[in-house]
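Those sequence lines, one after another, are chains Z and S. Here the working numbering is used: the first residue of the first sequence is 1, the next is one more, and so on. Here the working numbering is used: the first residue of the second sequence is 1, the next is one more, and so on.
Hints listed in this document are in silico derivations from the structure and should not be mistaken for laboratory results. Check the hints yourself; a few may be wrong.
[Said to hold, decoys possible] Below are the DMTMM-like pairs computed for lysine to aspartate or glutamate, each with C-alpha atoms no more than 20 Å apart in a straight line: (1) Z:K297 - S:E381; (2) Z:K163 - S:E381; (3) Z:K105 - S:D70.
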Amino acid sequence: MSDFTSNFWSVFITTITLGGIVGCLLLLWFSGKTKAMTQSDNTTGHVWDEDLREMNNPLPRWWVGLFIITCLFGFAYLYLYPGLGSYEGSLKWTQIGQLDKEMAKGNEQVAPIYAAFAGKSVPELAKDAPAMAIGDRLFMNNCAQCHGSDARGGKGFPDLTDKQWNWGGTPDQIEETITKGRTGMMPPMAAAVGSPEDVRNVANYVLSLSGAPNDSVRANLGRAKFVVCAACHGPDGKGNPALGAPNLTSGVFMHGPAVESHIVAMITNGKTGVMPAWDKKFTPEQIKLLTAYVWGKGGGVAPPAAN
Amino acid sequence: MKTPAPAPDPATDGPVMVSLYAAQKKVYPRSIKGLFASWRWFFVFATQIFYYGMPWVQWGGRQAMLFDLDARRFYIFGLVLYPQDVIYLTAILIISAMLLFLFTAVAGRQWCGYACPQTVYTEIYLWVEKRFEGDRQARMRLDAAPMSLGKLWRKGGKHLVWIAIGLWTGFTFVGYFTPIRELAAHVLAWRLGPWETFWVFFYGFATWGNAGFMREQVCKYMCPYARFQSAMFDKDTLIVTYDAARGEPRGGRSKKADPKALGLGDCIDCTMCVQVCPTGIDIRDGLQYECISCAACIDACDEVMDKVGYPRGLIRYSTERALEQGWGKREILRQVMRPRVLIYSAILAAVAMAFVASLVLRTPFKVDIVRDRATLARIVEGGQIENIYRIQVMNATEQAREFTLSVEGLPGLQLVSDPKVTIDAAGALWVPVRLRLPYDGAKPGSHEIHFRVDSPGVGEVREKSVFMVPR
Numbered sequence: 001m002s003d004f005t006s007n008f009w010s011v012f013i014t015t016i017t018l019g020g021i022v023g024c025l026l027l028l029w030f031s032g033k034t035k036a037m038t039q040s041d042n043t044t045g046h047v048w049d050e051d052l053r054e055m056n057n058p059l060p061r062w063w064v065g066l067f068i069i070t071c072l073f074g075f076a077y078l079y080l081y082p083g084l085g086s087y088e089g090s091l092k093w094t095q096i097g098q099l100d101k102e103m104a105k106g107n108e109q110v111a112p113i114y115a116a117f118a119g120k121s122v123p124e125l126a127k128d129a130p131a132m133a134i135g136d137r138l139f140m141n142n143c144a145q146c147h148g149s150d151a152r153g154g155k156g157f158p159d160l161t162d163k164q165w166n167w168g169g170t171p172d173q174i175e176e177t178i179t180k181g182r183t184g185m186m187p188p189m190a191a192a193v194g195s196p197e198d199v200r201n202v203a204n205y206v207l208s209l210s211g212a213p214n215d216s217v218r219a220n221l222g223r224a225k226f227v228v229c230a231a232c233h234g235p236d237g238k239g240n241p242a243l244g245a246p247n248l249t250s251g252v253f254m255h256g257p258a259v260e261s262h263i264v265a266m267i268t269n270g271k272t273g274v275m276p277a278w279d280k281k282f283t284p285e286q287i288k289l290l291t292a293y294v295w296g297k298g299g300g301v302a303p304p305a306a307n
Numbered sequence: 001m002k003t004p005a006p007a008p009d010p011a012t013d014g015p016v017m018v019s020l021y022a023a024q025k026k027v028y029p030r031s032i033k034g035l036f037a038s039w040r041w042f043f044v045f046a047t048q049i050f051y052y053g054m055p056w057v058q059w060g061g062r063q064a065m066l067f068d069l070d071a072r073r074f075y076i077f078g079l080v081l082y083p084q085d086v087i088y089l090t091a092i093l094i095i096s097a098m099l100l101f102l103f104t105a106v107a108g109r110q111w112c113g114y115a116c117p118q119t120v121y122t123e124i125y126l127w128v129e130k131r132f133e134g135d136r137q138a139r140m141r142l143d144a145a146p147m148s149l150g151k152l153w154r155k156g157g158k159h160l161v162w163i164a165i166g167l168w169t170g171f172t173f174v175g176y177f178t179p180i181r182e183l184a185a186h187v188l189a190w191r192l193g194p195w196e197t198f199w200v201f202f203y204g205f206a207t208w209g210n211a212g213f214m215r216e217q218v219c220k221y222m223c224p225y226a227r228f229q230s231a232m233f234d235k236d237t238l239i240v241t242y243d244a245a246r247g248e249p250r251g252g253r254s255k256k257a258d259p260k261a262l263g264l265g266d267c268i269d270c271t272m273c274v275q276v277c278p279t280g281i282d283i284r285d286g287l288q289y290e291c292i293s294c295a296a297c298i299d300a301c302d303e304v305m306d307k308v309g310y311p312r313g314l315i316r317y318s319t320e321r322a323l324e325q326g327w328g329k330r331e332i333l334r335q336v337m338r339p340r341v342l343i344y345s346a347i348l349a350a351v352a353m354a355f356v357a358s359l360v361l362r363t364p365f366k367v368d369i370v371r372d373r374a375t376l377a378r379i380v381e382g383g384q385i386e387n388i389y390r391i392q393v394m395n396a397t398e399q400a401r402e403f404t405l406s407v408e409g410l411p412g413l414q415l416v417s418d419p420k421v422t423i424d425a426a427g428a429l430w431v432p433v434r435l436r437l438p439y440d441g442a443k444p445g446s447h448e449i450h451f452r453v454d455s456p457g458v459g460e461v462r463e464k465s466v467f468m469v470p471r
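Use the sequences and the hints to build the structure in full.
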């Protein structure tokens with residue numbers, strides 16, 4: 001694999017590298033054969049500035065041996081590992097390969113720890129202190145960046161400790177959310193709702209659903225126009241976890257405050273929110289612990305009785 | 001300083017052609033007894049009893065001195081240090097450097113001659129070598145002799161003991177980083193980890209190579225201390241010197257003859273001082289950079305002077321100025337209090353005091369505060385403003401302890417999460433913490449606040465952070 005259109009740079013680097021080592025060896029060979037003149041008082045006979053004389057302090061011969069060993073090491077290294085231009089090295093070593101190997105080894109080392117949690121249900125794990133200590137570390141290192149260190153979210157990122165579950169709060173639904181990720185899409189609905197006045201009316205109706213301060217006249221006018229919203233949010237505004245459509249009656253508004261201007265902006269502009277998929281980063285055992293951690297944060301919905 | 005490199009033939013006084021590289025001339029130091037040799041053996045025992053013995057000392061159910069790199073905890077008796085305490089290592093290094101400077105300014109290369117591991121292990125290896133191969137003359141003869149069963153046994157036996165000492169040294173070294181009792185069990189069960197094996201053999205090999213073969217070459221060509229120590233020398237520094245005025249002209253003589261009548265000095269040219277020198281120099285050529293100030297030549301010369309009935313001290317510890325002025329001990333001592341020495345002492349005392357004071361006054365736990373990066377602030381019920389932090393509390397004691405968190409800095413600022421945390425012995429924990437401020441409690445922007453973490457009977461730590469109020 002080459003990042004360049006020609007192999008000029010590859011040849012260039014290889015030439016300089018090998019040429020440098022060979023040059024060192026040649027220099028050693030020549031300097032080994034060269035003799036220098038020394039006076040009987042162990043100076044070289046060179047005198048500068050009237051009385052500065054150069055002493056003859058030769059390097060020890062074993063030093064030459066060390067230098068040759070270094071050169072041989074260099075050759076062996078360049079043969080085994082990628083160092084010469086685009087040459088891959090006889091070991092085919094890559095950084096990615098090294099990472100994969102170390103990850104596999106790390107997962108193998110922690111496997112016995114996770115094995116202890118195998119067979120436990122999510123509600124059981126949520127009460128298991130060692131499991132939750134691991135869950136806490138996983139959450140802090142991977143999830144807290146968006147959802148906050150206390151899992152209470154922030155503007156644009158859901159609070160995981162409340163009762164509002166856009167995609168469902170049972171263990172299975174949380175596990176699916178972590179594993180596959182979610183894309184929540186509120187399309188711009190202004191045109192479908194009608195005139196800007198209609199949009200304001202619908203916004204006030206939405207506010208009234210959760211008992212937030214609203215203009216009751218507008219809210220009543222907006223009720224009829226809510227049918228276009230009901231397709232996703234349901235006729236009663238209680239949302240639909242299959243679509244990730246939030247419950248509008250809970251009073252939880254993730255993207256802004258419960259005021260008319262914000263709701264109008266949401267209807268007019270829409271919003272897309274993404275929860276990334278984590279199946280590449282975590283093992284299934286880790287995802288299960290994280291599920292239990294999130295579920296146990298307080299807002300979890302009891303699993304169906306069948307489980 | 002003179003340099004006795006490959007000396008050209010003195011017969012031809014003209015220039016000669018020599019190679020750019022000097023072959024190592026094997027030095028066969030003759031063993032010697034005497035005052036200074038005894039001091040050296042004292043330091044050999046003192047340093048090695050500490051080095052080999054320390055890892056086996058237990059303290060409160062664990063190894064007294066253990067540098068656990070895996071867990072990043074460093075135990076020194078009752079002290080538990082974290083990587084954050086690296087400043088203490090810096091202080092120890094500064095103190096060591098200043099001690100070296102001070103000793104060197106006052107008394108020359110004392111470290112080199114008595115306590116340096118290179119000297120100490122060479123001394124031990126020479127002792128083993130003498131047991132197997134005999135003293136200087138016997139060793140030279142053995143090396144010149146053709147291979148025989150006897151030579152094989154002597155050389156082989158020597159190397160077996162050398163390698164054993166080297167491996168034990170490597171094992172001990174690794175024992176400072178891995179609990180040595182477990183390490184010993186691993187060795188006995190023949191299941192040493194790959195890195196443990198590597199480092200045991202690495203340090204074993206280094207000991208064997210440096211003390212067995214490289215010896216004075218390390219001091220002459222590799223040691224950086226040896227190079228910069230000359231910067232601490234002055235004319236009042238104690239050095240091993242040959243009193244040329246008294247000794248010259250040197251020459252052999254009958255014990256009964258009067259040297260004055262023969263026109264001779266006190267040096268009988270027995271070359272004992274050269275034979276005992278571990279770096280293979282002739283101290284009578286004056287101060288040389290190879291001299292490690294081990295004083296073997298002083299012991300040798302004193303012994304000879306006693307035998308021939310001359311006063312001791314033809315070779316002795318003296319200073320350049322003392323030699324010029326013909327001073328005795330009292331005048332040399334008077335010169336010790338000079339600016340260079342006083343400055344080194346002052347710096348040393350200051351750093352040592354700061355080191356001890358900060359160790360004594362240190363609070364045995366640490367606190368790190370990290371504001372959540374993504375969530376600047378959020379509005380919660382009642383319009384209150386909430387900020388989130390993660391506080392890491394590191395317990396540097398060996399008991400589990402309870403810590404109480406509190407906050408100050410803004411009126412009405414409240415800590416709404418659990419203020420009590422319990423942390424295991426020598427453990428560390430990240431605690432998410434939420435702070436709330438009433439709406440309008442402060443102007444928009446960032447406000448300096450302080451967290452306080454305290455543990456009864458242990459201490460209290462105050463750490464700065466900021467509280468963000470959104471616009």
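Verification of the hints:
This hinted pair checks out: K297 of chain Z and E381 of chain S have alpha carbons roughly 19 Å apart, not beyond 20 Å. Of the supplied pair hints, the one linking K163 of chain Z and E381 of chain S holds, its CA atoms being roughly 15 Å apart against a limit of 20 Å. Restraint check for K105 of chain Z and D70 of chain S: the C-alpha separation of about 17 Å stays at or below 20 Å, so the hint holds.
The earlier numbered hints are all upheld by this structure, with none contradicted.
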